[in-house]
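Position one of the sequence shown corresponds to residue 7 (the working numbering), numbered consecutively onward.
Don't read these hints as lab results, they were simulated from the structure. Some clues are possibly wrong.
Distance ranges between label pairs, derived from CB positions [unchecked claim]: (1) M263 - P109: 35 to 41 Å; (2) D314 - Q207: 21 to 27 Å; (3) P109 - P176: 45 to 51 Å.
List of simulated lysine-lysine pairs, PhoX-like, C-alpha gap at most 25 Å [unchecked claim]: (4) K122 - K54; (5) K90 - K122; (6) K90 - K71; (7) K58 - K90; (8) K58 - K71.
Positions of the beta carbon are idealized from the N, C-alpha and C atoms, including for glycine.
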Amino acid sequence: MRASTNQSSLEGVTVAARFHVVPGDEGDPRDPLPSATPPARWLGMELKRLRKAAGLTGAQVVASKAISSQAVLSRYETGNDAAKLTQQTVRALAELYGVGDGPEMQALLRKVEEAKSPRWWSSYTDVVDQALSELMTVESAADRIRTFSAVLVPGLLQTADYARSVMRMPFARRTNDAVEHQIERRWAVRRRRQQILESLQPPEYSAIIDEGVLRRWVGGKAVAREQLRHLYNLAENRDNVHIRILTGEAWAQASPMTSAATLFQFPDGQPDLVYIEGVNQGGSWLNDDEDIDWHRMALTELIMSGTDKAETLERLDRLIRELTD
7 MRASTNQSSL
17 EGVTVAARFH
27 VVPGDEGDPR
37 DPLPSATPPA
47 RWLGMELKRL
57 RKAAGLTGAQ
67 VVASKAISSQ
77 AVLSRYETGN
87 DAAKLTQQTV
97 RALAELYGVG
107 DGPEMQALLR
117 KVEEAKSPRW
127 WSSYTDVVDQ
137 ALSELMTVES
147 AADRIRTFSA
157 VLVPGLLQTA
167 DYARSVMRMP
177 FARRTNDAVE
187 HQIERRWAVR
197 RRRQQILESL
207 QPPEYSAIID
217 EGVLRRWVGG
227 KAVAREQLRH
237 LYNLAENRDN
247 VHIRILTGEA
257 WAQASPMTSA
267 ATLFQFPDGQ
277 PDLVYIEGVN
287 QGGSWLNDDE
297 DIDWHRMALT
307 ELIMSGTDKA
317 ETLERLDRLI
327 RELTD
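All chains should be modelled from the sequences, with the hints used to inform the complete structure.
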């Protein structure tokens, strides 16, 4: 990605007037699946729904010989990587649940193959766990993303040096060549994730960031300043990126339910998903519909309580000036 040659200037700060995607810049990462939900998770949710609709318990399913054990059934229904999905087992389960050999059966069997298909991050298995793999699958299919962060700048908006500084935190700055190699691989994955916002069909992305996040010198003063400049560029120039700041005063109107949460919404009426994460600790998905509804409402309230675009730019400008020598 490059900025256009037209630029606007703040005092001490140069801001690109418009971003453009560079053709051939590592390709367009948006490769949506037929369903937004990761294939194994979608398949598991559907198998569980069908089992319950058929009025069967896990023990009854095992007794029918459709699957070897309740532990394996649980892996299938939760989309666990250890499930080792097979079309034979999925067909046996579906037939037991009353699914005929028609479109519904074919959709289930198709998910088995989709779950086995390698993604671009298959060469990064040393730094990509199941939770992150599912997150990237969802990111690539969502057409609307809303996120809140009270601790760090969201990953999709981080600069290289800011991200590396965050990744070094668990090592208390005592790194070695092996650690730095891992950090570079983690950054490569994160940078590829960020290209979703730069693609030809990007999702609508809204980030509400606690003001305290913007005042933290993660990586030092220079790194923090460049991160603020990057946020300013994105907020001013990218039509699909909306950055809002949750000021101290706004906490009286809306209170976050967690320190970091992301809501994913999809086309064609597919169900919303919510991802909760910690600092350098991976994350987890909410499975309860009431929890998802609650987080959706909370995120909406947070965004409505945040600054508008003009005030966001004004506050970022002021923070940048404070860090400019």
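Hint check:
1. M263 - P109: 35 to 41 Å: holds, 39 Å
2. D314 - Q207: 21 to 27 Å: holds, 26 Å
3. P109 - P176: 45 to 51 Å: holds, 48 Å
4. K122 - K54: At roughly 20 Å apart (the allowed maximum being 25 Å), K54 and K122 satisfy the hint.
5. K90 - K122: holds, 9 Å
6. K90 - K71: Between K90 and K71 the Cα gap is close to 17 Å, so the pair holds against 25 Å.
7. K58 - K90: holds, 22 Å
8. K58 - K71: At roughly 17 Å apart (the allowed maximum being 25 Å), K71 and K58 satisfy the hint.
In this structure, none of the earlier numbered hints is contradicted; all agree with it.
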